Amino acid sequence: EAGVVQSPRYKIIEKKQPVAFWCNPISGHNTLYWYRQNLGQGPELLIRYENEEAVDDSQLPKDRFSAERLKGVDSTLKIQPAELGDSAVYLCASSLAWGASSGNTIYFGEGSWLTVV
Amino acid sequence: GESVGLHLPTLSVQEGDNSIINCAYSNSASDYFIWYKQESGKGPQFIIDIRSNMDKRQGQRVTVLLNKTVKHLSLQIAATQPGDSAVYFCAESGGATNKLIFGTGTLLAVQP
Chain A
29 EAGVVQSPRY
39 KIIEKKQPVA
49 FWCNPISGHN
59 TLYWYRQNLG
69 QGPELLIRYE
79 NEEAVDDSQL
89 PKDRFSAERL
99 KGVDSTLKIQ
109 PAELGDSAVY
119 LCASSLAWGA
129 SSGNTIYFGE
139 GSWLTVV
Chain B
4 GESVGLHLPT
14 LSVQEGDNSI
24 INCAYSNSAS
34 DYFIWYKQES
44 GKGPQFIIDI
54 RSNMDKRQGQ
64 RVTVLLNKTV
74 KHLSLQIAAT
84 QPGDSAVYFC
94 AESGGATNKL
104 IFGTGTLLAV
114 QP
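For the protein sequence lines, the chains are A and B, in the order given.
For my numbering, count along the first sequence from 1 and bump the result up by 28.
For my numbering, count along the second sequence from 1 and bump the result up by 3.
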C-alpha cells in the first residue's frame with residue numbers, strides 16, 4: 029500500500045513568490061496533518077484536518093499560509109508571499125483518526141523541501 | 004559563503020553494539036509516547052510507541068523504556084547496524100490539546 033505522497037519534493041523560489049504543496053494521504057486515513065520542520069529540529073504542527081474540516085490551525089500563520097482539503101482526501105498547503113524564513117521542510121502526515129493510541133499512528137510523507145532565496 | 008553547522012546531540016556507536024538514545028519530556032500530563040527515525044532526506048518513520056500505563060515495550064531489536072517519575076524516555080537498539088544511522092526523535096502527546104510534540108533529535112552514527 030502506498031504511503032503518504034507529497035509533491036513537489038524540492039522547490040526553490042524567490043522571496044515574495046507563491047508556492048503550493050500537494051499531499052495525498054494513506055487511503056482511508058481521515059486525519060491529515062501539515063507539519064513544518066526546520067533544519068535540526070523536530071516537526072511542528074501547522075494544521076490538522078478531520079476529513080475536510082480544519083480542526084486545529086492555531087499554529088498556521090494565516091497572513092500568508094493557507095490550506096485546503098476540499099473532498100476530505102488530498103490537501104494543498106500554500107504560501108503567498110513566501111519569505112526567507114519559510115525555508116524548511118513541509119511534511120504531510122496522516123492517521124486513521126485523531127487521538128493518541130497505537131491505532132492512530134501518524135505516518136509521514138517524504139516532505140517538500142522549500143528554499144526561499 | 005560561510006555555513007553554520009547545527010549541532011544535534013550525537014551518539015556514535017560501533018556496528019554490533021547496543022545503542023541507547025535518551026529523551027526528557029516536559030509535560031507530566033502526556034500519556035502517549037512515540038519514537039521516530041528520520042533518515043537524511045526522508046520523513047520521520049514510526050519505530051515504536053508506549054502508553055503511560057506501561058514502563059517497557061519491546062519491538063524487533065528495539066525497546067522503549069518509560070520512567071514517568073523523572074519524565075524520561077529511552078530507546079534501546081540491539082546490535083546496531085549501519086542502516087540504523089539516522090536522527091531519532093521522541094514525541095509525546097496527551098493533556099488538554101492531545102497534540103503530538105516532538106523533542107530535540109539525536110543523531111545516531113554507526114561506525115562500521
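To be clear, the hints were calculated from the coordinates, so they are not data collected in a lab.
These numbers were taken from a predicted model, which means no experiment stands behind them.
A portion of the hints provided could be inaccurate.
[As the list claims (entries may be wrong)] Heads up, simulated BS3-like pairs for lysine-lysine below, C-alpha to C-alpha not over 30 Å straight-line:
| hint | chain 1 | residue 1 | chain 2 | residue 2 |
| --- | --- | --- | --- | --- |
| 1 | A | K106 | B | K102 |
| 2 | A | K43 | A | K90 |
| 3 | B | K45 | B | K102 |
| 4 | B | K71 | A | K99 |
| 5 | A | K43 | B | K59 |
| 6 | B | K59 | A | K39 |
| 7 | A | K44 | B | K74 |
| 8 | B | K59 | A | K90 |
| 9 | A | K90 | B | K71 |
| field | Enumerated hints in conflict with the structure, sorted upward | value | 4, 5, 6, 7, 8 and 9
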